[in-house]
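Whole structure, please, built from the sequences with the hints as guidance.
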Amino acid sequence: MADTAVDELETFRAETRAWLEENCPPSMRTPMKDDEIVWGGKREKFKNPESKVWLERMASKGWTAPQWPKKYGGGGLSPAEARVLQQEMSRIKARQPLFSFGLWMFGPALLEFGNEEQKQRFIPDIVHGRTRWCQGYSEPGAGSDLADLQTRCEDKGDHYLINGQKVWTSYADKADWIFCLVRTDTSVKHEGISFILFDMESEGVEARPILLISGESPFCETFFTDVKVPKDQLVGEVNGGWQIAKRLLQFERSSISAGGFGGTGGSGIMGPEDYAKQHIGTDSDGRLLDGDLRGRITDHKMYAKAFSLTVQRQAEQAKAGQAVSHTASILKYGAAKMNQDRHELLIEALGTEGLGWEGEGFDPTAKKVTRQWLRSKGNSIEGGTSEINLNVISKRVLGLKDHK
Numbered sequence: 298m299a300d301t302a303v304d305e306l307e308t309f310r311a312e313t314r315a316w317l318e319e320n321c322p323p324s325m326r327t328p329m330k331d332d333e334i335v336w337g338g339k340r341e342k343f344k345n346p347e348s349k350v351w352l353e354r355m356a357s358k359g360w361t362a363p364q365w366p367k368k369y370g371g372g373g374l375s376p377a378e379a380r381v382l383q384q385e386m387s388r389i390k391a392r393q394p395l396f397s398f399g400l401w402m403f404g405p406a407l408l409e410f411g412n413e414e415q416k417q418r419f420i421p422d423i424v425h426g427r428t429r430w431c432q433g434y435s436e437p438g439a440g441s442d443l444a445d446l447q448t449r450c451e452d453k454g455d456h457y458l459i460n461g462q463k464v465w466t467s468y469a470d471k472a473d474w475i476f477c478l479v480r481t482d483t484s485v486k487h488e489g490i491s492f493i494l495f496d497m498e499s500e501g502v503e504a505r506p507i508l509l510i511s512g513e514s515p516f517c518e519t520f521f522t523d524v525k526v527p528k529d530q531l532v533g534e535v536n537g538g539w540q541i542a543k544r545l546l547q548f549e550r551s552s553i554s555a556g557g558f559g560g561t562g563g564s565g566i567m568g569p570e571d572y573a574k575q576h577i578g579t580d581s582d583g584r585l586l587d588g589d590l591r592g593r594i595t596d597h598k599m600y601a602k603a604f605s606l607t608v609q610r611q612a613e614q615a616k617a618g619q620a621v622s623h624t625a626s627i628l629k630y631g632a633a634k635m636n637q638d639r640h641e642l643l644i645e646a647l648g649t650e651g652l653g654w655e656g657e658g659f660d661p662t663a664k665k666v667t668r669q670w671l672r673s674k675g676n677s678i679e680g681g682t683s684e685i686n687l688n689v690i691s692k693r694v695l696g697l698k699d700h701k
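To convert, note that position 46 of the sequence shown is 343 in the working numbering; the numbers rise steadily by one, no gaps.
Keep in mind that the hints were calculated from the coordinates and are not lab data.
We put the CB at the ideal spot given by N, CA and C, even for glycine.
A few of these clues could be false.
Unchecked claim - Capping the alpha-carbon separation at 25 Å, the derived lysine-lysine pairs in BS3-like fashion look like this:
1. Lys342 x Lys330
2. Lys543 x Lys574
3. Lys358 x Lys368
4. Lys358 x Lys390
5. Lys339 x Lys525
6. Lys486 x Lys602
7. Lys416 x Lys367
8. Lys330 x Lys574
9. Lys698 x Lys486
10. Lys664 x Lys344
Claimed, not checked - Restraint ranges, calculated between C-beta atoms of paired labels, are given here:
11. Leu458 x Leu509: 31 to 39 Å
12. Asp596 x His456: 53 to 61 Å
13. Thr308 x Arg418: 14 to 22 Å
14. Thr483 x Ser324: 51 to 59 Å
15. Glu684 x Asp332: 31 to 39 Å
16. Ser387 x Thr483: 27 to 35 Å
17. Thr483 x Trp654: 43 to 51 Å
Next up, the structure:
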């Protein structure tokens, strides 16, 4: 039986390798610039036309969500097959075809808590990148203490009526739909929260971008004024949203860890060594001229590799029947630090180009990296602050008691 399983896996590897070689466009095997990342949705521009081709081909196989059930458009692969697919993509340096909150957070939660009609309605569009989702969690008075949220959801008989405000809503101004936590009972805290979905084009929804120190506006203030939502868009039970919310946060922290905020240089994204070769140069043996920087980049890559293996181990434990757990907080904390360190190296790798911000004379890519360096400072806040994650680790993982 073991030999048969090995043979079947090697057959799958050969078929996957052949398919990727035939279907992965040439430019999708090059380091991916930030402005070529594909988020999907109705307003996706596809700066590189081959990005659209690559997404369509991968989605047709269900390989944007390789382990999701085939009946919802996923790949239906086993954990071992999914690992082979990732290995073969890495072998040819293939880009990830789709970046998506739907893939990383909402989809896994909906597969676990949604009803069959909701899965059939929303999951295929996530797989194909047709719908871009945003997350309606944090509020001006409910960040670290998320359960204190005040956005009201009233039962109006044939629909729900939502009023309130969210903040730090990533890409709300670009999203098609939102998965949102709302208060359906004001007499209790955690037990009075529900999880609901609605179209961002609904009347009464307004997203206002927040300008950050980086000069970009990935976050928004999001306002809801008498937003009518059909009742069939409630996920789970009324007042049962806190369980879903916690589970989704675990998926979020796990996905951040797996991608390291893009901080491992994976998914075809350019790393510090790529920029250093361009801006600092190499010696006759192809090594970076700056030996000290070369050593620190090597240390970072070793840490990133060890971190990646740790994430894989946690993923294997989950696939073996152990649910996404509080260890996600450990990995999210590590991922935030790793990505911040990476951006420090990126700035140094750019040399004097790392001083670029505005005006002529600086490489546009370098100016982008400078902004990303400032943006990375928020990694220790989003997805649960480092302080909150350390509290989770101390209480839920280490079993430590509160200090009196």
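message = Output the indices of the hints that this structure fails to meet, ascending.
response = Violated hints: 2, 6, 13 and 16; rest satisfied.
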